[in-house]
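Trainee: Below, each chain spelled out in residue letters.
Number of protein chains: 2
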Amino acid sequence: MDHKQRIAGLVSGIEERGIDGAIITGPENIHYLTGAPFVRGSYGKILFVGIGGTASLIVSDLDYQEVIGTVDSAEIVKTDFMEKPLDRLKKIVKGTPRLGFEEDLVSAALKERISAEFRVEPLRGILERMRERKDPEEIAVIEMAQFINDRAIEKALGNLKAGMSELEIAAELEYNLRMKGAETFAFETIVASGPRGVYPHGMPGTRRASSGDAVVIDFGARYGGYCSDMTRTLFFGDPSAEVKRAYEAVKEAQERAVESVKGGVTGRKVDAVARGILEGRDLGKFFVHGLGHGVGIEVHEFPVVGPSNGSPLAPGNVITIEPGVYVPGRYGIRIEDLVVVEKDGRRTLTKFTREMVVI
Amino acid sequence: MDHKQRIAGLVSGIEERGIDGAIITGPENIHYLTGAPFVRGSYGKILFVGIGGTASLIVSDLDYQEVIGTVDSAEIVKTDFMEKPLDRLKKIVKGTPRLGFEEDLVSAALKERISAEFRVEPLRGILERMRERKDPEEIAVIEMAQFINDRAIEKALGNLKAGMSELEIAAELEYNLRMKGAETFAFETIVASGPRGVYPHGMPGTRRASSGDAVVIDFGARYGGYCSDMTRTLFFGDPSAEVKRAYEAVKEAQERAVESVKGGVTGRKVDAVARGILEGRDLGKFFVHGLGHGVGIEVHEFPVVGPSNGSPLAPGNVITIEPGVYVPGRYGIRIEDLVVVEKDGRRTLTKFTREMVVI
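Protein sequence lines correspond, in order, to chains P and G. Mapped onto the working numbering, the consecutive letters of the first sequence carry residue numbers 1 to 359. Mapped onto the working numbering, the consecutive letters of the second sequence carry residue numbers 1 to 359.
Quick caveat, the hints were computed from the structure, so don't treat them as lab data. Watch out, some of these pointers could steer you wrong.
No distinction is drawn between identical chains; accordingly, a pair holds when it is met within one copy or between any pair of copies.
The list that follows gives simulated cross-link-like pairs (lysine to aspartate or glutamate, EDC-like), each with its CA atoms no further than 16 Å apart [to be verified]: (1) Lys-262 x Asp-344; (2) Lys-180 x Glu-117; (3) Lys-262 x Glu-342; (4) Lys-269 x Glu-255; (5) Lys-285 x Glu-128; (6) Lys-251 x Asp-282; (7) Lys-285 x Asp-80; (8) Lys-285 x Asp-61; (9) Lys-351 x Glu-143; (10) Lys-90 x Glu-259; (11) Lys-4 x Asp-135; (12) Lys-155 x Asp-135; (13) Lys-251 x Glu-154; (14) Lys-91 x Glu-143; (15) Lys-269 x Glu-279.
Everything numeric in this text was worked out from a predicted model, so none of it was measured.
Excised from the complex, chain P in its bound form (with noise of 0.2 Å):
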């Protein structure tokens, strides 16, 4: 689907709801109506979109040379120095339409700076029901991406050794996520051995890992301005029996749960399938988080895959299936996949072996 097309889908997702126009301001919804650079944080563009589908991208001179090469669905103004884009957008906006925000990404603040100039009202949701189902360009992209993260992991074991610290190995994944075109990473690389397994956000230390340390290793490529999201635990010498048990729970768990994508099944269901067989094996306990998560231009997107969501998946979505066991002083173990739901299944995109890699 095009730039127009996908402003066109907004422009009869507000006419249902009877607004007249919309403010957009997130990157990342503007990477995806319009095809503009995505820089994760940077804020400062203004896509407005009118009646009849008419939008306009509003940049300040920082961004304009950029722009102009990408943007294939807006016109481009462009602010003068120190002008507001807000104030630019006052002298394009004629009458006073209903404008639609969005309410997620919009700051309290800048809503009330919003509120005083336009009549506006919250989207509640029409671009991330957009964003949710991929098209066929947007799963080639973030199989690209995944494609990347694949051979990043497949280089970097060759140079991982036990007594390495977290940051050494983060330094190898990304050295060579970098190497086979990553524009930059999806998200904060995790890299968590032994104990500090258990901490899911656990940023690279100065741990070394031996001695039959669990690893876990969660990091992702960002490729034409999507994402993808892997996770693997590597075993940094052999293991006990005790964690080798825990592996293979994780491993079936993740496995069934893959095996029961498919459209129409909801998030509950597939994230009850690996829960179900993590507390077969008394370790449903340790499993504290959701089973996952929809990716795109942003790494967390729609649909959510846990307890919380009783909506049938459907064709496009692309989903994480990442169970998890965490034994609080002792170890985590998380194996997660990438894929995309089809009509009657599912593909997954992560090729890297799930079976237990001791290095």
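Place chain G on chain P using the hints.
Mentor: Just chain G now, kept in the frame of chain P:
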């Protein structure tokens, strides 16, 4: 200053305004006030600061293990599996106090949800004003982050060669940041070569740097939760006389601006020093952004160092000084140092040379 003193500072700030407590959800502010590990973009914790300075940090099972060892200024409250932190907060708050919230970090949607339960009002910069004046411990941590940054570029330099792609250059820089101890990166690494140098947020791509290309390299370490930030423009081959002249102009603008920094001078005045030098060389129209910004837990904090800031810089501000020229279709050049404002002068944390480096 320890975390308890910071919470006391917040409490005295809100008491002056007649507010009874605060709901803090931004991970940067939670890190500042409690020491809880900072993971960029990781929302989900709530810090409740009540009357008299009592503090409770509400975390999920997922985050509990990591938080108990690091937080020394708040009671830790663990939610039940699937319980929302806001539901737990309702059980903690007694009576109907007036509670401050972070209006620039809280989304419009979250503000609606908290307003439905509590009497809330914006904190209006109380935490930003505390955070923009760093205490000696914070400055020491930022100095270490910049030390890692300097060592990484020095080490990477030995491996850079004409003909390398922007991605390969980024891989070297980031690998060495990790190996020198960066727990993560302060922001998305920029490597923008030749005509791509005019993209101030240019993500590294497949373009190869050679034949005298100017390559803008802007990258930073995160260490102890704090950021460094530096830019150098390296030349891959000998540049043209025109580009050399522009480099010398940016370098002089940068050095004169740094020398003008001291407590009491406005951000606008320091910006004007650099801008005046570039205007004197007919390059003023190519300097399309402000001169700098504060750096701390976030890479962009207060104070602003630019035409919009007529307030005096204060001792303890940590700021960037980063003039640049961007000639569309041709080249970009930027030089950036990290500087601590002192009462009668400044201290430059960046030690890497500003002299022209030709690879």
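Trainee: Taking the hints in turn, state whether each one holds.
Mentor: Do the hints match the structure? See the list:
no. : hint              : verdict
1   : Lys-262 x Asp-344 : within (5 Å within a copy, 67 Å between copies)
2   : Lys-180 x Glu-117 : neither (47 Å within a copy, 49 Å between copies)
3   : Lys-262 x Glu-342 : within (6 Å within a copy, 62 Å between copies)
4   : Lys-269 x Glu-255 : within (14 Å within a copy, 62 Å between copies)
5   : Lys-285 x Glu-128 : neither (32 Å within a copy, 40 Å between copies)
6   : Lys-251 x Asp-282 : within (15 Å within a copy, 64 Å between copies)
7   : Lys-285 x Asp-80  : between (57 Å within a copy, 12 Å between copies)
8   : Lys-285 x Asp-61  : between (54 Å within a copy, 10 Å between copies)
9   : Lys-351 x Glu-143 : within (11 Å within a copy, 42 Å between copies)
10  : Lys-90 x Glu-259  : neither (52 Å within a copy, 40 Å between copies)
11  : Lys-4 x Asp-135   : within (14 Å within a copy, 51 Å between copies)
12  : Lys-155 x Asp-135 : neither (30 Å within a copy, 43 Å between copies)
13  : Lys-251 x Glu-154 : neither (19 Å within a copy, 43 Å between copies)
14  : Lys-91 x Glu-143  : neither (42 Å within a copy, 45 Å between copies)
15  : Lys-269 x Glu-279 : within (15 Å within a copy, 65 Å between copies)
When each numbered hint is compared with the structure, violations occur for hints 2, 5, 10, 12, 13, 14.
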